[in-house]
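Protein chains in written order, with UniProt numbering: chain A, 1 to 325; chain B, 1 to 87; chain C, 1 to 405.
By construction, these hints were calculated from the structure, which means they are not laboratory data.
Heads up, the beta-carbon is just placed ideally off N, CA and C, and yes, glycines get one too.
Wrong hints could be hidden among the right ones.
[As the list claims (entries may be wrong)] The calculated DMTMM-like cross-link candidates involving lysine to aspartate or glutamate, where the alpha carbons are at most 20 Å apart (straight line), are:
(1) K60/B <-> E101/A
(2) K55/B <-> D225/A
(3) K67/B <-> D105/A
(4) K55/B <-> E94/A
(5) K55/B <-> E102/A
(6) K82/B <-> E28/B
(7) K261/A <-> E293/A
(8) K60/B <-> E102/A
(9) K60/B <-> D222/A
(10) K55/B <-> E80/B
[Stated by the list, open to error] Over the 10 Å line for every Cβ pair with chain C, so calculated as not near, a few chain B residues:
(11) A19
(12) H52
(13) E63
(14) L73
(15) V79
(16) K82
(17) G85
[Stated by the list, open to error] Sample of chain A residues lacking proximity to chain B, with all beta carbon distances greater than 12 Å (derived):
(18) A39
(19) L100
(20) P113
(21) R153
(22) P175
(23) A179
(24) G197
(25) A221
(26) P236
(27) R252
(28) P269
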Amino acid sequence: MISLDVLGLGVVLPGADKPADARTVTAAPAPGWFDVVTALTGRGYRRLPTACQYLLAATRSALDDAGDAPDAVPAERRGVVVGTNNAGMALMEEQDRSILEEGADAITPITAPYFAMSLFASRLAVEHTVHGFTLTTNSPRTAGFDALQAGARALARGRADVLVVGATEDELPRPEPGADGSDIGAVALVCAPSAEGINNPSAYGSCRIRNAFLAPGAAPADALDDAWAALTADGPLPRHVDAVLDDSATGRAVADWLAGKAGTVSITPAGAGCLSPMRHLVARLATGDDGPEHVVVTAAAEGNVAFARLTTLPHNHPQQHGSWQ
Amino acid sequence: MSENTTTALDLDELRAIVADALELPKEEVTDEAHFANDLQVDSLMALEIVVHLEKRYGIKVAESEFKELSTLLQVRGLVESKLAGGK
Amino acid sequence: MTAGRDDGRRVVVTGMGSISCLGTGVDAFWAGLLAGGGTPAPIPDPDARMANRLMYLVPQDEVPAEPSRLAGSTLAAGPRMAVAAAREAVADAGLDTRTRARLAVVLGVEMGNAGWHESRRAGVASAAEGATWSPMTLTAAAVGAALGAGGGNVSVGNACAASGYAVAVAADMIRGGEADVVLTGGAEGVTRVGMGVFNRLGALDPERCRPFDLHRQGTLFGDGAAMLVLESAEHAARRGATAYAELAGAAWSCDAHHPTAPDPSGGQALRSIRQALDEAGLSREDIGAVVPHGTGTPLNDAVEARVLREVFEDRCDGLPLFSLKGLIGHTAGVAGAFGALTAALLVHHRRVPANAPLDEQDPECPVRLPQQEPVPLSEQAVLVNAYAFGGNNVSLVLTGPEGAP
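My request is simple: use the sequences and hints to build the entire structure.
If you want it as structure tokens, here you go:
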């Protein structure tokens with residue numbers, strides 16, 4: 001499994017100011033919890049879809065946190081991978097309403113292209129002059145972990161030398177099923193390839209991803225056992241597993257299968273979106289509490305399952321300010 | 001479609017509309033600032049200005065018509081001619 | 001520089017499946033290309049209030065009705081077509097049950113199950129009382145469930161280049177030893193929102209998709225699904241499978257210039273072409289044809305033509321392009337996979353079908369577009385480009401399978 005070192009973290013979340021608090025959930029975000037004018041100074045942000053604003057702001061924060069290392073990387077060696085499920089759903093609702101009620105001419109031009117959720121990552125690439133590559137991942141609920149995995153693989157294949165990996169979501173619009181408790185906010189991680197046997201002193205730690213597919217209604221079979229075996233093959237068993245699961249058949253099957261796999265397993269209910277498992281991942285990396293070895297696992301009703309193995313290092317010093325420009 | 005009882009166009013209001021569409025302070029949208037060269041207006045922002053104008057003045061502007069315009073004064077010319085009855 | 005096929009793990013295409021305006025199945029697809037391609041028609045959606053409703057449509061009676069559900073979601077046409085094409089590809093590759101159980105799936109998915117959400121908004125469908133979240137991008141999961149594929153299941157976005165990136169990711173997984181066999185590709189249905197936005201942005205042609213034509217005014221979409229089974233050459237050889245082609249090179253780059261317009265300098269597009277050639281261990285003399293991105297939008301075609309000229313120089317005059325979108329429309333997220341599938345067919349048949357006739361080729365696009373009849377493929381290597389909104393570029397190189405062990 002390919003490993004990523006995490007050099008910087010940034011979050012834009014209702015109810016959490018810093019990565020260490022990213023597991024804290026605010027039942028309903030306080031109105032005005034995010035102010036684009038203070039979070040993103042300058043021109044060209046006010047009209048962006050809000051999930052794009054969250055992503056840009058979280059990335060600025062992560063790059064500041066990562067210090068000088070990313071600055072040195074030429075534009076053609078930078079990459080961006082962003083996971084999302086619902087970033088553009090509210091906009092699409094509005095656009096479709098406009099078409100249904102008045103016709104396509106009523107669509108607002110400046111946000112029009114963002115019906116394609118991949119534009120969110122592309123806007124990030126424009127912001128930080130990323131010429132290496134940009135990729136969006138979008139599997140239900142596992143998209144954030146998939147982004148880390150795709151990023152790690154791309155680095156291993158030599159497609160870039162440093163990455164921003166992000167996950168961003170906006171609340172589902174009211175008429176969508178599952179709107180209640182849907183994810184909102186963004187996290188961003190600055191990542192570089194892990195060097196074999198070397199602990200990077202600037203890193204929060206490292207992460208490795210493994211995924212599997214459990215068709216809805218199927219019994220957890222070899223696929224999950226194989227993934228777990230590969231994940232825990234080298235190194236001590238994790239003391240703790242964070243499971244972010246819904247109460248679908250797949251979610252319950254994974255929860256049952258997890259029993260006894262590690263010291264303790266905590267299960268957090270998952271809402272719509274790919275952000276909540278990423279919040280848990282970021283918080284574990286930022287705090288390193290409960291020991292250095294961790295697993296976060298998540299799954300979707302549709303069958304996607306993903307595991308993140310985290311190895312954290314003590315991370316005591318705030319990094320110096322820096323930027324990618 | 002708004003009922004227009006006067007054809008005199010308030011340039012300052014027009015300036016405010018364009019500035020708002022471009023997220024710029026009004027002072028930067030001078031009478032002759034060039035949209036593309038001075039104000040970094042791209043094709044999407046140009047469309048955005050058109051939408052704002054159409055809503056405020058109840059006119060219809062074709063994309064091809066707007067493409068010819070580069071300054072606030074030229075925009076005023078187009079809007080005035082539309083209000084005077086040009087389709 | 002990416003490690004390429006010389007580092008041991010070569011990737012071949014052992015199965016393919018498709019549904020398009022040319023009908024169901026790869027045989028119908030190839031026959032349809034040779035017969036001159038499809039023609040656009042208005043989409044049947046009565047709620048599509050927009051000036052231009054033209055698309056290159058999969059025939060209505062060929063859109064599969066099943067599978068109709070996944071977990072708590074009703075499946076629209078896009079995911080259903082994905083499953084049908086995936087089944088064809090896996091059967092074509094002759095994968096046994098054990099291999100199928102370990103099969104990984106990486107698809108390019110942008111609009112996914114948007115068709116159901118649009119039906120809900122139009123009042124044609126409704127969510128059941130207390131219904132749970134129905135993710136839009138569930139297409140890859142639908143395919144995984146239908147095939148019983150237990151390996152990793154991932155969908156990637158990247159708009160009009162989505163499945164081009166998926167093909168590259170699948171190849172990377174095999175080269176890196178993560179998997180021996182990966183199903184890749186994409187599928188998209190008709191989308192009212194996508195059509196509406198392109199109407200709004202003035203990006204559609206009033207008549208047909210005519211890339212590189214002087215009178216082109218934009219693109220026109222097409223729906224459908226294209227799937228490929230990628231396999232390590234070694235694994236294919238061990239089970240006696242034959243391959244259509246080798247996926248010899250794949251490269252990415254990013255303009256990072258503007259949300260919708262390509263970088264007029266084409267610098268990054270150029271870089272990904274050169275890198276894909278390098279990874280394949282080939283030079284410009286070795287390419288026999290190009291399947292361009294060529295959408296019919298004025299800017300894209302001019303930039304791409306200029307970039308191809310820069311890469312191929314004096315060879316450009318004689319190098320045939322097969323402008324696929326002129327025959328099946330712009331299949332958005334599926335375009336990359338349709339490009340790769342077509343390139344595999346060009347290599348397999350050693351022939352390049354005729355292009356849809358142009359009224360008048362744009363002199364700003366000095367590329368070769370044979371229109372009278374098919375031409376032989378002079379070199380067994382085809383370059384495929386896919387470019388997306390936001391400047392995401394992917395270039396693929398497919399070659400004949402003979403070189404692979």
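Here's how the hints hold up against the structure:
no. : hint              : result
1   : K60/B <-> E101/A  : holds (19 Å)
2   : K55/B <-> D225/A  : violated (60 Å)
3   : K67/B <-> D105/A  : holds (18 Å)
4   : K55/B <-> E94/A   : holds (18 Å)
5   : K55/B <-> E102/A  : holds (14 Å)
6   : K82/B <-> E28/B   : violated (26 Å)
7   : K261/A <-> E293/A : holds (14 Å)
8   : K60/B <-> E102/A  : holds (15 Å)
9   : K60/B <-> D222/A  : violated (63 Å)
10  : K55/B <-> E80/B   : holds (15 Å)
11  : A19               : holds (22 Å)
12  : H52               : holds (15 Å)
13  : E63               : violated (6 Å)
14  : L73               : holds (25 Å)
15  : V79               : holds (21 Å)
16  : K82               : holds (19 Å)
17  : G85               : holds (25 Å)
18  : A39               : holds (15 Å)
19  : L100              : holds (19 Å)
20  : P113              : violated (7 Å)
21  : R153              : holds (33 Å)
22  : P175              : holds (25 Å)
23  : A179              : holds (28 Å)
24  : G197              : holds (49 Å)
25  : A221              : holds (49 Å)
26  : P236              : holds (53 Å)
27  : R252              : holds (46 Å)
28  : P269              : holds (39 Å)
In the structure shown, a violation is registered for the earlier hints numbered 2, 6, 9, 13, 20, in ascending order.
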